[in-house]
Amino acid sequence: MNTEKNSYTVIFAVIMVVIVGSVLAFMATALKPKIDENERFEKQQNILYAMGVNQNEGDGSVTFIPTNEVEAEFSKYIKKQMVVQGNTATEKEDAYLIDLKNQMAQIKAGNNAELPLLVGEKDGKEFYIIPMYGKGLWDAIWGFISLDDNMVVQGVYFDHKGETPGLGANIKQRFFMDDFEGESILDGNRYAGIGVVKGNNDPLNEDKEDNEVDALAGATITGNGVTAMIKESLKLYKPYLETIRKK
Amino acid sequence: MALLSKKDANLILDPLADNNPITIQVLGICSALAITAELKASVVMALSVLFVLGAGNVVISLLRNVIPSKIRIIVQLVVVATLVIIVDQVLKAFAYELSKTLSVFVGLIITNCIIMGRFEAFALGNGPWKSFLDGIGNALGYGIILVIIGFFRELLGSGTLFGFPVLGDPVTKTGLYALGYENNGFMIIPPAALIVVGIVIWVQRSRNRTLIEEA
Numbered sequence: 561m562n563t564e565k566n567s568y569t570v571i572f573a574v575i576m577v578v579i580v581g582s583v584l585a586f587m588a589t590a591l592k593p594k595i596d597e598n599e600r601f602e603k604q605q606n607i608l609y610a611m612g613v614n615q616n617e618g619d620g621s622v623t624f625i626p627t628n629e630v631e632a633e634f635s636k637y638i639k640k641q642m643v644v645q646g647n648t649a650t651e652k653e654d655a656y657l658i659d660l661k662n663q664m665a666q667i668k669a670g671n672n673a674e675l676p677l678l679v680g681e682k683d684g685k686e687f688y689i690i691p692m693y694g695k696g697l698w699d700a701i702w703g704f705i706s707l708d709d710n711m712v713v714q715g716v717y718f719d720h721k722g723e724t725p726g727l728g729a730n731i732k733q734r735f736f737m738d739d740f741e742g743e744s745i746l747d748g749n750r751y752a753g754i755g756v757v758k759g760n761n762d763p764l765n766e767d768k769e770d771n772e773v774d775a776l777a778g779a780t781i782t783g784n785g786v787t788a789m790i791k792e793s794l795k796l797y798k799p800y801l802e803t804i805r806k807k
Numbered sequence: 021m022a023l024l025s026k027k028d029a030n031l032i033l034d035p036l037a038d039n040n041p042i043t044i045q046v047l048g049i050c051s052a053l054a055i056t057a058e059l060k061a062s063v064v065m066a067l068s069v070l071f072v073l074g075a076g077n078v079v080i081s082l083l084r085n086v087i088p089s090k091i092r093i094i095v096q097l098v099v100v101a102t103l104v105i106i107v108d109q110v111l112k113a114f115a116y117e118l119s120k121t122l123s124v125f126v127g128l129i130i131t132n133c134i135i136m137g138r139f140e141a142f143a144l145g146n147g148p149w150k151s152f153l154d155g156i157g158n159a160l161g162y163g164i165i166l167v168i169i170g171f172f173r174e175l176l177g178s179g180t181l182f183g184f185p186v187l188g189d190p191v192t193k194t195g196l197y198a199l200g201y202e203n204n205g206f207m208i209i210p211p212a213a214l215i216v217v218g219i220v221i222w223v224q225r226s227r228n229r230t231l232i233e234e235a
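Taken in order, these protein sequences are the chains called A and B.
Sequential numbering of the first sequence, starting at 561, is according to my numbering.
Sequential numbering of the second sequence, starting at 21, is according to my numbering.
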């Protein structure tokens, strides 16, 4: 067989593309329901993590509610699923599945958006859980922040698509996320958010009123991304948060 | 080794030292710089490359007589990309947690020059079994260097290994830190990897002078 002929090359390329294309398309379709389910469970785990429902032990690593229990736990702890428009919130089923990224694009285009907000309850205390979405160094970062009615952070969860392992990727480690707990997002009456700051002389994060947590060395851009992401989310939800704020 | 003939064994052993893809051929430097800030990522990357290079070399070797030489690079690229995507999808469906750790490496594997290099230099001209051994050998050679770099960068940069603090706690000043030791922040940024690679190359060439090229 002469493999140098142009016609052979073209036929080879066509066959290769058809085979590879069908294999990949078949795989993607066959695995999609399973992958979607995994993603849904993960979102539930993340939301519960942000309101402190997790299986963390001591100073160890992030431990979620196991996937086979998460659905039951989610309906147990999450009392209301709502969508926020301006300063009004209406209940909506499965609001947690709304993609914040799309809604933010709607707002940018000047359209009406439905921002998801979840109300959780644990030990008789209410948690308002807000999704966040932003940009890190390489790709998207996102997460959830849970607030009480004094606008004090009760917990956060961050995740990322492709931050550098060992540097920016550490935003999803406990030593970073735990620092946010107890920080107030308010500076007086201003929704200041929480800044990820280098060299703030508070590495143990003892000052909870400074709106700052200690940054990760070598991950400046990712840290700035987290700061911007929190600010951006608070801006979107501020009209509604004003109505629930007690302090 | 009784399992393999001497020639076959050399296919695996050569790339570990005297023909190492990173320190001698200077391939795959980009990923060696990017992901070696911690040991765990280095190990995961090494295993991923081991799989893709082993399987890819076999596929290319089986196809070596039918691949038109004019588009062979494209064919190689398609093979790597397909393998990597399949692995990624299967992991996403059945080992979701693991896939999240790995997803960042997927892009890096496809662009890893060692893989294209071995396809082009070895698999296109040799049988599947030899190609498989060559793939495993080169992936191990790559992995060893990655682990060495990861070890020094994580130890000196963060004072941990596999995430466990081995030198004490830098914030509360225990262990070595009580004596005034500080983590070297420079070690966790990519340029430090280049310096560690340089030192490895230096050590290796000073031990085996035949590797030094004539000026």
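These are calculated hints, taken from the structure and not from any lab test.
Incorrect hints may appear among the rest.
[Claimed, not checked] A few chain A residues that don't get close to chain B, going by computed Cβ distances all over 10 angstroms: (1) Thr563; (2) Glu564; (3) Lys594; (4) Glu602; (5) Lys652; (6) Tyr656; (7) Asn662; (8) Glu681; (9) Lys682; (10) Lys721; (11) Glu723; (12) Asn761; (13) Glu792; (14) Lys795.
[As the list claims (entries may be wrong)] Subject to a maximum C-alpha distance of 27 angstroms in a straight line, what follows is the list of computed DSSO-like cross-link-like pairs (lysine-lysine): (15) Lys695/A - Lys60/B; (16) Lys60/B - Lys603/A; (17) Lys193/B - Lys758/A; (18) Lys594/A - Lys112/B; (19) Lys90/B - Lys603/A.
[To be verified] Covered stretches of chain A, going by a simulated chain B footprint (3 or more residues, C-beta under 8 angstroms): (20) 583–590; (21) 610–620; (22) 726–735.
C-beta: ideal position from N, C-alpha, C; glycine also.
Hints violated by the structure (numbers, ascending): 1, 2, 3, 4, 10, 11, 19 and 21
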